[in-house]
Amino acid sequence: MAAGFVDFEITWQADVFSGAPQASSAAAFGTQGINFRARKARDEDEWTAALAALTCDIPISPLRL
Amino acid sequence: MSNDQHPEPSLDLEHLRQAIQEEYAAVARDPGRGYHFHTGRRLAKLLGYTSDWLEGIPEDALESFAGTGNPFRMGRLAPGANIVDVGSGAGLDSLIAAKMVGPDGQVIGIDMTPAMLHKAQKSATNVGFSNVVFRMGFAEALPVPDGWADVVISNGVLNLLPDKLTALKEMARVLKPEGCLQIGDILVQKAVPEGAKRQIDLWTG
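Protein sequences appear in the order of chains G and B.
So that you can map any letter, position 51 of the first sequence is 51 in my numbering, and since no number is skipped, the others follow by simple counting.
So that you can map any letter, position 165 of the second sequence is 1165 in my numbering, and since no number is skipped, the others follow by simple counting.
Just so you know, these hints were derived from the structure itself, not from any lab.
It should be emphasised that the depicted structure is a prediction, and the values quoted were computed from it without experimental measurement.
Wrong hints could be hidden among the right ones.
[Said to hold, decoys possible] Computed cross-link-like contacts, SDA-like style, restricted to lysine to any residue with a CA-CA straight-line distance of at most 25 Å:
1) B:K1045 / B:L1016
2) B:K1176 / B:P1079
3) B:K1197 / G:E46
4) B:K1169 / B:K1045
5) B:K1190 / G:E46
6) B:K1169 / B:T1204
7) B:K1169 / G:E46
8) B:K1190 / G:S25
9) B:K1045 / B:G1056
10) B:K1197 / G:Q22
11) B:K1190 / G:Q13
12) B:K1045 / G:Q32
13) B:K1045 / G:M1
14) B:K1197 / G:A2
15) B:K1190 / B:K1176
16) B:K1176 / G:G30
17) B:K1176 / B:G1056
18) B:K1169 / G:S25
[As the list claims (entries may be wrong)] With the C-beta cut set under 8 Å, the calculated list includes, among others, these residues of chain G facing chain B:
19) A2
20) A3
21) F5
22) F17
23) T31
24) F36
25) K40
26) R42
27) E44
28) T48
29) A49
30) A50
31) A53
Glycine included, every Cβ here is placed at the ideal spot set by N, Cα and C.
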């Protein structure tokens, strides 16, 4: 999202490395092939709103000094 | 491998690019040699490429295919659309895109490996596709005007880039507002140790 995209979605994932002719580090890191999509925000307002929606409001208890 | 906003400081970008170019030049020249990833028609089938997409695609483009996903499973490309293929390799995805968008659309494939570009251009010429061009370039500085593309596709390339944010910003720059990314890539489900992120051989294999 930091690049200006919204509506990010991973649509598919699967092991695409097993059985390859040469050994790989893929299995050691649980590597999977994926498809993902996203859409460039229509304008600054849409992007800003999408970023704001990611913000978590953390309840803050008054500190006891 | 890194989700930081900037590349690992001790990773030598030029060295990494050279290693990647050598690996994929080998895939272009000798696709049947056997790599740590699948290649060619078998891989395309594994990733869900349909027979009608592959029909008419030269074997040269198909045999050196080394993607990790399938940008077209998220929706066919509309006739007349402008498409950028980042890391176009031997040209399989660019040529399928050229078929989908038809004569009123355009495709720009971009790759940094001369052997792959040569192979892709030769395939496009052989099938007479005049709506696709291949350009030398890097994902972090795409040779495409601002706001040109309706869709950016890429397949198995982002994971090879230390500075993913810059590459994604470039993809956003070349897209029209509300343009789409349709990307095949990889994810790792276990944390990669910091030291491993600086090992060139882990990036390429």
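Here is how each hint holds up against the structure:
1. As the CA atoms of B:K1045 and B:L1016 are separated by approximately 30 Å, the hinted pair breaks the 25 Å bound.
2. Our distance criterion of 25 Å between C-alpha atoms is met by B:K1176 and B:P1079, whose separation comes to about 16 Å.
3. Under the criterion of a C-alpha separation no larger than 25 Å, the hint pairing B:K1197 with G:E46 is inconsistent with the structure, at around 34 Å.
4. Straight-line distance between C-alpha atoms of B:K1169 and B:K1045 comes to about 31 Å, which puts the hinted pair past the 25 Å bound.
5. Between B:K1190 and G:E46 the CA atoms are separated by roughly 33 Å; this puts the pair beyond 25 Å, and the hint is violated.
6. Under the criterion of a C-alpha separation no larger than 25 Å, the hint pairing B:K1169 with B:T1204 is consistent with the structure, at around 23 Å.
7. Taking the CA atoms of B:K1169 and G:E46, the gap is near 16 Å; set against the 25 Å cutoff, the hint holds.
8. For the given pair, B:K1190 sits about 12 Å from G:S25 by alpha-carbon distance, which is consistent with the 25 Å threshold.
9. For the proposed pair B:K1045 and B:G1056, the alpha carbon gap of about 16 Å is at most 25 Å, so the pair holds.
10. Pair hint B:K1197 plus G:Q22 holds up; C-alpha atoms about 21 Å apart against a cutoff of 25 Å.
11. Restraint check: the Cα-Cα separation between B:K1190 and G:Q13 comes to about 15 Å, which is no more than 25 Å; the hinted pair holds.
12. Distance restraint check for B:K1045 and G:Q32: the Cα-Cα separation of roughly 16 Å lies within the 25 Å cut-off, and the hinted pair is therefore satisfied.
13. Annotation: proposed proximity of B:K1045 to G:M1 is violated, straight-line Cα distance about 31 Å (limit 25 Å).
14. The hinted pair formed by B:K1197 and G:A2 meets the criterion: a straight-line CA distance of about 22 Å does not exceed 25 Å.
15. Proximity of B:K1190 to B:K1176 is assessed by CA-CA distance (about 35 Å); at most 25 Å being required, the pair is judged violated.
16. Simply put, B:K1176 and G:G30 have alpha-carbon atoms about 35 Å apart, too far for the 25 Å limit, and the pair is violated.
17. Between the alpha carbons of B:K1176 and B:G1056 the distance comes to roughly 30 Å, so the proposed pair goes past 25 Å and is violated.
18. Restraint check: the Cα-Cα separation between B:K1169 and G:S25 comes to about 29 Å, which exceeds 25 Å; the hinted pair is violated.
19. Interface hint at G:A2: satisfied, since its Cβ lies 6 Å from the closest Cβ of chain B, which is below the 8 Å cut-off.
20. Satisfaction of the interface hint for G:A3 is found here, the shortest Cβ-Cβ separation to chain B being roughly 4 Å, below the 8 Å cut-off.
21. The beta carbon of G:F5 comes within 6 Å of a beta carbon in chain B, closer than 8 Å, and the hint placing it at the interface holds.
22. The criterion of a C-beta within 8 Å of any C-beta in chain B is met by G:F17, whose closest approach is roughly 6 Å, and the hint holds.
23. Interface hint status for G:T31: upheld, as the beta-carbon distance to the closest one in chain B is roughly 5 Å, under 8 Å.
24. Interface restraint check: G:F36 against chain B, minimum CB-CB distance 5 Å, threshold 8 Å, status holds.
25. A least Cβ separation of about 4 Å between G:K40 and chain B falls short of the 8 Å threshold, and the interface hint therefore holds.
26. The criterion of a C-beta within 8 Å of any C-beta in chain B is met by G:R42, whose closest approach is roughly 5 Å, and the hint holds.
27. Using the Cβ-Cβ criterion of 8 Å, the hint placing G:E44 at the interface with chain B is not satisfied: the shortest such distance is roughly 10 Å.
28. For G:T48, the interface hint is violated, the least distance from its beta-carbon to any beta-carbon of chain B being 14 Å, above 8 Å.
29. Interface hint status for G:A49: violated, as the beta-carbon distance to the closest one in chain B is roughly 15 Å, over 8 Å.
30. The restraint placing G:A50 at the interface with chain B is violated, with a minimum CB-CB distance near 13 Å, outside the 8 Å limit.
31. The restraint placing G:A53 at the interface with chain B is violated, with a minimum CB-CB distance near 18 Å, outside the 8 Å limit.
Comparing the model with each numbered hint stated earlier shows that hints 1, 3, 4, 5, 13, 15, 16, 17, 18, 27, 28, 29, 30 and 31 do not hold.
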